Amino acid sequence: MQQMYNEKVIDYFMNPRNVGGIPDADGVGEVGNPRCGDVMKIYLDVDENEVIRDVKFETFGCAAAIATSSMATEMVKGLTIEQALKITNREVAGELGGLPPEKLHCSLLAEEALRAAVANYRERKSGSAISPPCSVNCGSCGGFEAEERFVAETSRVAE
Amino acid sequence: MEVRKVYLDHSATTPVAEEVFGAMAPYFTEAMGNPNSLHQWGREARRAVDEGRESVASLIGAGAAEIVFTGSGSAADNLAIKGAAYADKSGRKHIITSAVEHHAIMDTFKWLGKMGYDATFLPVDEFGMVSPDVLRNAIRDDTLIVSVMHANNEVGSINPIEELGAICRERGALFHTDAVQTAGHVPIDVSKLPVDMLTMSAHKMYGPKGIGALYIRRGIKLVPIVHGGGQEYGIRSGTENTPGIVGFGAAARLAERLREEGEEERISRIRDKLLDGIIERIPDSFVTGHRTKRLPFHCSVCVKLIEGEGMLLRMDYAGIGVSSGSACTSGSLEPSHVLLAMGLDHATAHGSVRLTLGKGTTEEDIDYVLEKFPPIVETLRKMSPYKGG
Numbered sequence: 002m003q004q005m006y007n008e009k010v011i012d013y014f015m016n017p018r019n020v021g022g023i024p025d026a027d028g029v030g031e032v033g034n035p036r037c038g039d040v041m042k043i044y045l046d047v048d049e050n051e052v053i054r055d056v057k058f059e060t061f062g063c064a065a066a067i068a069t070s071s072m073a074t075e076m077v078k079g080l081t082i083e084q085a086l087k088i089t090n091r092e093v094a095g096e097l098g099g100l101p102p103e104k105l106h107c108s109l110l111a112e113e114a115l116r117a118a119v120a121n122y123r124e125r126k127s128g129s130a131i132s133p134p135c136s137v138n139c140g141s142c143g144g145f146e147a148e149e150r151f152v153a154e155t156s157r158v159a160e
Numbered sequence: 002m003e004v005r006k007v008y009l010d011h012s013a014t015t016p017v018a019e020e021v022f023g024a025m026a027p028y029f030t031e032a033m034g035n036p037n038s039l040h041q042w043g044r045e046a047r048r049a050v051d052e053g054r055e056s057v058a059s060l061i062g063a064g065a066a067e068i069v070f071t072g073s074g075s076a077a078d079n080l081a082i083k084g085a086a087y088a089d090k091s092g093r094k095h096i097i098t099s100a101v102e103h104h105a106i107m108d109t110f111k112w113l114g115k116m117g118y119d120a121t122f123l124p125v126d127e128f129g130m131v132s133p134d135v136l137r138n139a140i141r142d143d144t145l146i147v148s149v150m151h152a153n154n155e156v157g158s159i160n161p162i163e164e165l166g167a168i169c170r171e172r173g174a175l176f177h178t179d180a181v182q183t184a185g186h187v188p189i190d191v192s193k194l195p196v197d198m199l200t201m202s203a204h205k206m207y208g209p210k211g212i213g214a215l216y217i218r219r220g221i222k223l224v225p226i227v228h229g230g231g232q233e234y235g236i237r238s239g240t241e242n243t244p245g246i247v248g249f250g251a252a253a254r255l256a257e258r259l260r261e262e263g264e265e266e267r268i269s270r271i272r273d274k275l276l277d278g279i280i281e282r283i284p285d286s287f288v289t290g291h292r293t294k295r296l297p298f299h300c301s302v303c304v305k306l307i308e309g310e311g312m313l314l315r316m317d318y319a320g321i322g323v324s325s326g327s328a329c330t331s332g333s334l335e336p337s338h339v340l341l342a343m344g345l346d347h348a349t350a351h352g353s354v355r356l357t358l359g360k361g362t363t364e365e366d367i368d369y370v371l372e373k374f375p376p377i378v379e380t381l382r383k384m385s386p387y388k389g390g
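Going down the list, the sequences are from chains A and U.
In terms of this note's numbering, the first sequence is residues 2 to 160.
In terms of this note's numbering, the second sequence is residues 2 to 390.
Derived from the structure by calculation, the hints contain no laboratory data.
Nothing here was measured: the structure is a model prediction, and the numbers come from that model.
Cβ atoms here follow ideal geometry from the backbone N, Cα and C, with glycine treated the same way.
Hints should not be assumed to be uniformly reliable.
To be verified - Going by beta-carbon spacing under 8 Å, a handful of chain A positions derived as facing chain U:
1) F14
2) M15
3) P17
4) G38
5) A64
Said to hold, decoys possible - Cut-off 25 Å, straight-line C-alpha distance, at most; resulting in silico cross-link-like pairs (BS3-like, lysine-lysine):
6) U/K383 / A/K78
7) U/K388 / A/K57
8) U/K373 / A/K9
If we strip away everything but chain A, and leave its shape as in the complex, we get (with noise of 0.2 Å):
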């Protein structure tokens, strides 16, 4: 545990700041896929000038997708839905102090929960129909195809 994640995800899996969902939220975006075992779900709460009051989230997945979510949740907090937008993954990987290279889906996954919501509260805003929030399949681990997985496997068994 130690080895595989730093102190900082550590701490943010074991003490997630901004945990659970909020009723009546301005925006809710849901990414990921139970199939790849990871799904988030990000709940905002957005003033008349467009600033994020409260966010929360709930996540499905390993410890780094429940660290992912709770810094990304920590970093839009306060901010424009604008300056949220311009936050990436990397961004929150970094302020993790870095995800082990087979980690670094979760943090997509973070950034697209945050896009979702935000695409969410915009329909809502504007009066368009809402859609349901989204559970297909993400493009960071949905993304791979049966067959995909079988050459992966298959160049694996080739060492």
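For this one, chain A is given, so just place chain U on it according to the hints.
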């Protein structure tokens, strides 16, 4: 306060027992001879190797000349399957294994599949077990070898190897079983079982890492994978790992003593307490694998709505060492092939946890785990977007 430490990952590896360590120690230093040398140092090492072989053979009711030492359980699995495939002169090209094998078998079969063999992977039932009927329907006149593990490492179910082996006998196919999880823990007597080859590993039974063994029934011809000095009856060349073999022998004698002392009953009793306690205290959790046809030290469960790595790390933080078949612990995005083959969906398989007990595990350890585990699940479930109904 010092955090209590409870190691519950004995299926991964066991500590070397004190008496095993003590038996090995001289063979690293003063008794360091090469068993193939003719002088007194060599003869002393040879005696030690012979004694180790006798003890390992006697644990499973085999003759000493039927035991070949290898560098690991995986090496023994590879030797059994590839060695038999290369040695075949009958032209049989069909090979059968199960969908829940250890990768040492699974990947060997996949590789042989690319080398012109026709590999069949038998489906398993909801307990991860191979039914004799399934084998009966799959076996053919040109089936060369069948390999089905004795007990599954992830879910602990014990396969009906006596019936499976009997089917192979009838059809003239070789039968191999990977007994890495069972050897030293449940009685095995190859003199009464229709098993042609059987894999064991010392480090799963309080012996050292880096030493495995393959039982090869007298009369069965294998082609070696490692050629060289002709050690191990020419089937596995390389200077014998004398301390490893001595340690394996000592571990085999220890296993027999533990059996006489009733360790199997003791451990299965506290294992049941753990299994029942988890299911009782954690809502939406269930046992994976067969409830009774099961390794005596093995407890495996799925906890719904959360993911295994988080549980594993929080347990680790509480001083408890367990493992999980979730994707996040494997470095891939796929959860355990064993749980998927048993028919579990991906999301549920991600929530698997395995707790495997050892001879040092006490009832107090179990109480401690039962105290710590439920609140960990509770905390993680509070973070999950999925809520129990």
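* To do: Could you work out which earlier hints the structure fails to respect and list their numbers in ascending sequence?
  => none
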